[in-house]
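Chemist: One-letter residues, chain by chain:
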Amino acid sequence: MLFWSVSVGWAQEQGAAPRDGGAPSLPAASPQDIEAGKRTYQKWCMNCHGEEGDGAGPAADFLHPRPRDFRQGLFKVRTTKSGQIPSDQDLFNVITIGMPGTGMPGWEHTLTEVERRQLVPYLKTLSRRFARATAPPEPLKIGVRVPSSADSVEQGKRLFREIECFKCHGDDGRGDGPSAPELTDDWGAPIRPANLRKPWTFRGGHTAEDLYVRLQSGIAGTPMPSFADSLDNEKTWHVVNYVMSLWPDPNGHAPPLQVALKARRVEGEIPAQPGDAFWQKQDTFFYPLVGQVILEPRLFTPSVDGVQVQAVYNDREVAWRLVWDDPTKSMPDSGQGEFEDAVAVEFPVQIPTGAKRPFFLMGDAELAVQLLRWGSSSGMTELNGNGVNKVRPQAASSDQASAVGEFKDGQYQVVIKRPLRTLTPDRDIQFEPGRFIPVAFFVWDGSKGETGGKMALTSWYYFFMEPTLPKTTYVYPAVAVVVAGGFQWWAIRRLRQRKMDT
Amino acid sequence: MVTRVGMIMVWGVGCLVGGLVVSSLAYQGGPVAEKGAISGVVKLAGPPPALKPLQVNKDQATCGKTQPVEALLLGSDKSVKNAVVRLTNISKGKALDTAAKAVLDQVKCRFVPHVNIVPVGATMEIKNSDPITHNIHTFSIDNDPINKAQPKTLPVISTKFTAPEIIKTQCDIHKWMSTWIIVADHPYHAITDGKGEFKLTDVPPGNYQMEIWHENLGKVTKEVTVKANSDTAVPVELKK
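Chains as they are written, first to last, in the working numbering: chain A, 1 to 502; chain B, 503 to 742.
Just to be clear, a hint being listed does not mean it is correct.
[What the hints assert, rightly or not] In silico contact screen, one side only, chain A against chain B (beta carbon under 8 Å); selected entries:
(1) Gln72
(2) Leu74
(3) Arg158
(4) Arg161
(5) Ile163
(6) Glu164
(7) Glu182
(8) Leu183
(9) Gly218
(10) Ala220
(11) Pro223
(12) Pro225
(13) Phe227
(14) Asp229
(15) Ser230
[Said to hold, decoys possible] Label-pair ranges, simulated between beta-carbon atoms:
(16) B:Ser578 - A:Trp187: 33 to 41 Å
(17) A:Gly143 - B:Glu739: 55 to 63 Å
(18) A:Lys408 - B:Val722: 29 to 37 Å
(19) B:Lys662 - A:Pro31: 33 to 41 Å
(20) B:Glu739 - A:Val290: 32 to 40 Å
(21) B:Pro551 - A:Met46: 50 to 58 Å
(22) B:Lys580 - A:Met331: 38 to 46 Å
(23) A:Gly143 - B:Lys670: 29 to 37 Å
(24) B:Pro707 - A:Ala135: 39 to 47 Å
(25) B:Pro551 - A:Pro248: 46 to 54 Å
(26) B:Gln557 - A:Glu154: 49 to 57 Å
(27) B:Thr568 - A:Gly379: 34 to 42 Å
To be clear, the hints were calculated from the coordinates, so they are not data collected in a lab.
Here a beta-carbon is modelled for each residue, glycine too, at the ideal position from N, C-alpha and C.
Looking at chain B on its own, in the form it has when it is part of the complex:
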């Protein structure tokens, strides 16, 4: 027999579970009381793979005759530049800065920077600093795909992204041009610099999963424990 108490209990448990599920999906940004940090260096393990040179076969007056191969940029000690480091299971931390403006430029037929982190809901300004037409072509499912022509008469295209995703972006007219847009739904994302170094700051203490992704070397996941007022060092090796 279904009693009133029974019904209330079922509803109550249902709401609790539902609330937990919902709260675990969305990231909650706010003030962080105790802060730790994660830092490290990303290096390549094993011999560096051979890279094909880019064919710069048109518009050489603007694009030059060669272009740097940015698919894998290694330091002298095999440190990896442009690897994207992010926490994948964090649900609470400092606020995501949606007011920040990300800028992606096209200069001498090269996207600058090669990897961009853009918060969900923030504006990205795409600039064309070249006197020739480029097109911005993104390949994404969770965000609306973009394919817009950008002649020299259209210096800026503004756009926003709505979902976390790693988005490859290229120009079709100049096939060697490519860049990556990392849409972030929380601020704990970093790009390794020329020395392969990264640092995530203001991380609430806890156990996290950290993913390191690189366009050429794939991805690696690490378990990280963050303690208050201390910097957890995590060396990372990526292998082809």
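With the rest of the complex left out, here is chain A:
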């Protein structure tokens, strides 16, 4: 048991081992186990999952997806056949590992193995589906793996269209398919199909075996069906291989966080179009976004969870390319309370010299910020803020930033440009290479009602424009080497001559 749970922990780190139901089943539960499980549940689980397991604990309203209502006996992450209850091992795994992308943490380091094991029989008392089962559920057989290859990925891509995965998951897999906006879970709450390009958010993990099992078994309580009747073993692996080919990192890890967004110095014109091949050559930085929960209206469940940023500068201007996944292109004129989609890059107006910075949520009374904002309807705006309720657009005449934005297949790509220096330093930040300039990002998904202070954001990171080395950096050492070398040659020659003379 200990070795197994250690290896699961390792697997969680490496993303390598599958959570299959083949592990030995848990020892049979006694009434004392159920009672102990109930006490653990009441201490740790009740606040989300509710006293009776109805998923309506006090924390539930702040979570999306909502905590599971156990009464229906429907569990998303199983290794058993479609329509069947999960195995004891499946329940134990979810408690231990948690569910990425949701509010369900892994309890491996908080609860002992015994405590986690005791929760399983207690959970089973919460739904009559378990009492109704006369036999243990049938585990799925994972067939012989078809390794990934160009051919397999191509077949998977064809199957993706043939069985119509794109209807929900989108043509590019970003969860922006035509059926996606109306999807609801078994409780009638809106639910989003997975963004297949963000495997670190997959609820059941992202090993190849995890994907295989999800396809064969479906995800209970959600619209994701089982494809066991329409995909045989080989075809399932082809689809798995195709999905894995969409990932930024083959191991499925989230991009690493770098505190400093570095901008390279380039020569010549910086392309304004986000689709220009120039941007493929620039380093990419990834910033996770969280909801604004400081000031009302607070947003605990933001729509966008991360933004990719690239930055370059030349002798005249700085440019940032921002890319984020948004499954819905907001149409503010639709008259349904929709706002535009938008992104903003925030800087302090004055580059701080000491530790004090403006409040990252759009500035404070003492220190102002500048926001370079692009909106899907309004285009480029420059604003100044002394607090989230004191944000004012600059007069049009002093706007010098420009932007080009595009939406395609569930993704926005925007390039914002601004001159390095302007004539109004009282409201525009003056960019200087070689300084660590605080930077923060905001993203609004207008179709989810995100506008004004209701958005996803980051706190301060740093923006660093890499200074170019002056040519003298190379000249002086070369001169020093020549002079020093020359002097040594002359000195040794003189010494030798003197020696020969004597």
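Keeping the supplied structure of chain A fixed, place chain B upon it in accordance with the hints.
Modeler: Leaving out everything else, chain B in the frame of chain A:
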């Protein structure tokens, strides 16, 4: 003092009670000597509620641009179609036909029929007559829930149900598509037709409770007495 006679009496009474309880739970099908019938018409009382039109916003080449709203189908005299009429407390009657095959089809992005009665243990064949993928998603607790994808390459899915239940079923890809599966543990179930009429035949004489359920109008219970060789007429009114 516990005597042997006392023990035998306790055991005997216990078995009798247990047997009665068990026999009252399970329906027993067999030959019916004296037969009566129940028939009637289900009508809507009060003004018809407004119904939202269905949004047919994808795959219009197959699904068309509009779909009929089947949540409430009324005849010109406010008769209600697709109401499910069943006896709820019958324990003995004609045999349940588990060999019958129920067929549920998906045609031009519509489930046909809109309400199905399927006996416990009988096979239901779910067909996809459309050239696009649908999924069959049932919402049930007493029966294993089904959520299976049905691409055009998979024309038939066969399934069975194990417990009486009213099961809502829908396609998630095409949100307007829905149907109801009524799993029956005895044969005295009927669906009202276009004129709101139903008939339950071969009912053994006795007093019964009859439940009339409709997806939009809710349910109503009626006490019915059935006499041999006669048809008991029961008018039913459902109100929103």
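Chemist: Can you give the numbers of the hints that this structure goes against, from lowest to highest?
Modeler: Hints 3, 4, 18, 20, 21 and 26 not satisfied by this model.
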